[in-house]
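J.: My request is simple: use the sequences and hints to build the entire structure.
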Amino acid sequence: MTMRFLGDTAVLTGRSLRHITRSLDTIFTTTITPIAMMLLFVYVLGGAIRTGSDSYVTYLLPGILLITIASGIAYTSFRLFMDMKSGIFERLRSMPIARSSVLWAHVLTSLVANLLSVVVVVLVALLIGFRSSAGLPAWLAVTGILLLFTLALTWLAVIPGLSAKSIDGASAFSYPLIFLPVISSAFVPTDTMPGPVRAFAEHQPVTSIVNAIRALLTQQPVGTDIWIALAWCVGILVVTFGLAMNVYRRKIT
Amino acid sequence: MTTQQVPAIQVRGLEKSYEDLRVLRGVDFEVARGSVFALLGSNGAGKTTTMRILATLLKADAGTAAVNGFDVATHPANVRESLSLTGQFAAVDEILSGRENLVLVARLRHLDRPGEIADELLERFSLTDAAARKVSTYSGGMRRRLDIAMSLVGDPPVIFLDEPTTGLDPQGRIEVWQAVRQLADQGTTVLLTTQYLDEAEHLADRIAILHEGRIIVNGTLAELKRLLPPARIERVEKQPTLEDVFLSLVGR
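Keeping their order, the protein sequence lines are chains A and B.
For the first sequence, the numbering used here assigns the number 3 to the initial residue and increments by one for each residue that follows.
For the second sequence, the numbering used here assigns the number 768 to the initial residue and increments by one for each residue that follows.
These are computed hints drawn from the structure, not numbers from a lab.
Be aware that a few hints might be false.
Straight-line Cα separation of at most 25 angstroms, SDA-like style, residue types lysine to any residue; simulated pairs [stated by the list, open to error]:
hint: 1; chain 1: A; residue 1: K167; chain 2: A; residue 2: F80
hint: 2; chain 1: B; residue 1: K826; chain 2: A; residue 2: R251
hint: 3; chain 1: A; residue 1: K253; chain 2: A; residue 2: D170
hint: 4; chain 1: A; residue 1: K253; chain 2: B; residue 2: T815
hint: 5; chain 1: A; residue 1: K167; chain 2: B; residue 2: G934
hint: 6; chain 1: A; residue 1: K87; chain 2: B; residue 2: R900
hint: 7; chain 1: A; residue 1: K87; chain 2: B; residue 2: G908
hint: 8; chain 1: A; residue 1: K87; chain 2: A; residue 2: A12
hint: 9; chain 1: B; residue 1: K826; chain 2: A; residue 2: L26
hint: 10; chain 1: A; residue 1: K87; chain 2: B; residue 2: D838
hint: 11; chain 1: B; residue 1: K826; chain 2: A; residue 2: N248
hint: 12; chain 1: B; residue 1: K901; chain 2: A; residue 2: R251
hint: 13; chain 1: B; residue 1: K826; chain 2: A; residue 2: A100
hint: 14; chain 1: A; residue 1: K253; chain 2: B; residue 2: R900
hint: 15; chain 1: A; residue 1: K253; chain 2: B; residue 2: G908
hint: 16; chain 1: A; residue 1: K253; chain 2: B; residue 2: S784
hint: 17; chain 1: A; residue 1: K253; chain 2: B; residue 2: D838
hint: 18; chain 1: A; residue 1: K167; chain 2: B; residue 2: T815
hint: 19; chain 1: A; residue 1: K253; chain 2: B; residue 2: Y785
T.: Dropping the structure here:
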């Protein structure tokens, strides 16, 4: 049964990865907004922002990467919704395949697509002056956090993908996610914010994730931020996975 | 377990409601092995619901159904091994090529040599020339043929076709009819739903009319014709004539 699950998931992941390689514009549209924001903040607003670090682009990059992922996961909802609408989902369900492999294939594809987008954004950041002296272990840790964050948000994206009535509904959920980093330590340090905003900013998941990645990239001690970041990611993952599976089970019975 | 004596499909007292709406109110029918059976009915008569229950996509409220000798409620995995469902809208992957669609299904059915199986089916459904093209460039008829070809991967003994020609132009319809007849010739059991009388007339060995959640008539075409009022028969015979005119005008 496990072998069948792995085999079926691999075949279906191959299928949806082809969707990515054949329409690379999805990678482009995912990265265009974060890149534009990065340019805007570095070249227009950044000069007036005091972060206490030498390079604003290096300060900014972790938040931009989270925005990239938050906009990238909308494509998972989109692809899932299209499968439901086109009848492919029904066809697969009436076939003798491991049942959850349909979902896992979309989730794994999301990991690959978002990783590609993140690489594109990092390359652009390098072009405009981002530098990091971080070694391989730190980069691996950053990649791990980003993958975990992608996984958590992708399972969230599965829910509207399965239950939306229209294509707009399937992808609209990600807009608030894209703006969560704005009220965090992603663009400016939180200590200039007024009380309640600051309290929100410092206790929402983005800040700890951004701080952890920033510390890893600038070789600063990660402190407790990395554990809080991991706890948020795992916590969100558990909840979204549970909800998504629940929706899926109701959908298939 | 599955001897030739067991009917390919057995449905007894099937009931299904969506909240207050009683869609199926006790449906009974049997489909003999290797025959083509048409479920005829207007929109909302319960044709698709019946088919979805048989394909294990939906649970019945009451009654039993078996496909290839396996009960759909207690042995859904065996049922899924025994049948292929071709839904109302061609369930093909638009971004993949025709051949890739077939290979995908062959892999998911865990068959050896998926490439060869795909090439054979492309040949059989006259899609070899379009094999490498993205499905989004296919015509409605080609799409439907690919859809049916995908259902035949692995030679399942039972095929469900849910309104296979709805939305197709006359040429596409003829292509699909030819495909269905080929299936029947090879001994596959076909259950098809349709709203078109002439479609059932052309394809089916037996026809059942589903009306307001019950089978009101079930018989061969000859048996049914005796029941239908003359006006109805006239309408059935008119349609192919119109089609002949259309087809001769467009030069097919």
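J.: Indicate, hint by hint, whether the structure satisfies it.
T.: Quick rundown of the hints versus the structure:
With a CA separation close to 12 angstroms, the supplied pair K167 (chain A) and F80 (chain A) stays within the 25 angstroms bound. For the hint linking K826 (chain B) to R251 (chain A), the alpha-carbon distance of about 13 angstroms falls within 25 angstroms, and the restraint holds. Our distance criterion of 25 angstroms between C-alpha atoms is met by K253 (chain A) and D170 (chain A), whose separation comes to about 20 angstroms. Taking the CA atoms of K253 (chain A) and T815 (chain B), the gap is about 17 angstroms. The hint holds against a cut of 25 angstroms.
With a C-alpha separation of about 23 angstroms, the suggested pairing of K167 (chain A) with G934 (chain B) holds against the 25 angstroms cut-off. Restraint check for K87 (chain A) and R900 (chain B): satisfied, since their Cα atoms lie roughly 22 angstroms apart, inside the 25 angstroms limit. Simply put, K87 (chain A) and G908 (chain B) have alpha-carbon atoms about 20 angstroms apart, close enough for the 25 angstroms limit, and the pair holds. Restraint check for K87 (chain A) and A12 (chain A): satisfied, since their Cα atoms lie roughly 23 angstroms apart, inside the 25 angstroms limit.
Taking the CA atoms of K826 (chain B) and L26 (chain A), the gap is near 40 angstroms; set against the 25 angstroms cutoff, the hint is violated. The hinted pair formed by K87 (chain A) and D838 (chain B) fails the criterion: a straight-line CA distance of about 28 angstroms is larger than 25 angstroms. Restraint check: the Cα-Cα separation between K826 (chain B) and N248 (chain A) comes to about 18 angstroms, which is no more than 25 angstroms; the hinted pair holds. Of the supplied pair hints, the one linking K901 (chain B) and R251 (chain A) is violated, its CA atoms being roughly 32 angstroms apart against a limit of 25 angstroms.
At roughly 19 angstroms between alpha-carbon atoms, K826 (chain B) and A100 (chain A) fall within 25 angstroms of each other, so this suggested pair holds. The suggested pairing of K253 (chain A) with R900 (chain B) is violated, with an alpha-carbon distance near 33 angstroms, which exceeds 25 angstroms. Taking the CA atoms of K253 (chain A) and G908 (chain B), the gap is near 30 angstroms; set against the 25 angstroms cutoff, the hint is violated. The straight-line distance between the Cα atoms of K253 (chain A) and S784 (chain B) is roughly 17 angstroms, inside the 25 angstroms bound, and the hint therefore holds.
For the hint pairing K253 (chain A) with D838 (chain B), the CA-to-CA distance comes to about 21 angstroms; that is within 25 angstroms, so the pair holds. With a C-alpha separation of about 20 angstroms, the suggested pair K167 (chain A) and T815 (chain B) falls inside the 25 angstroms cut-off, and the hint holds. As the CA atoms of K253 (chain A) and Y785 (chain B) are separated by approximately 15 angstroms, the hinted pair is consistent with the 25 angstroms bound.
This entry does not satisfy hints 9, 10, 12, 14 and 15, going by the numbered hints stated previously.
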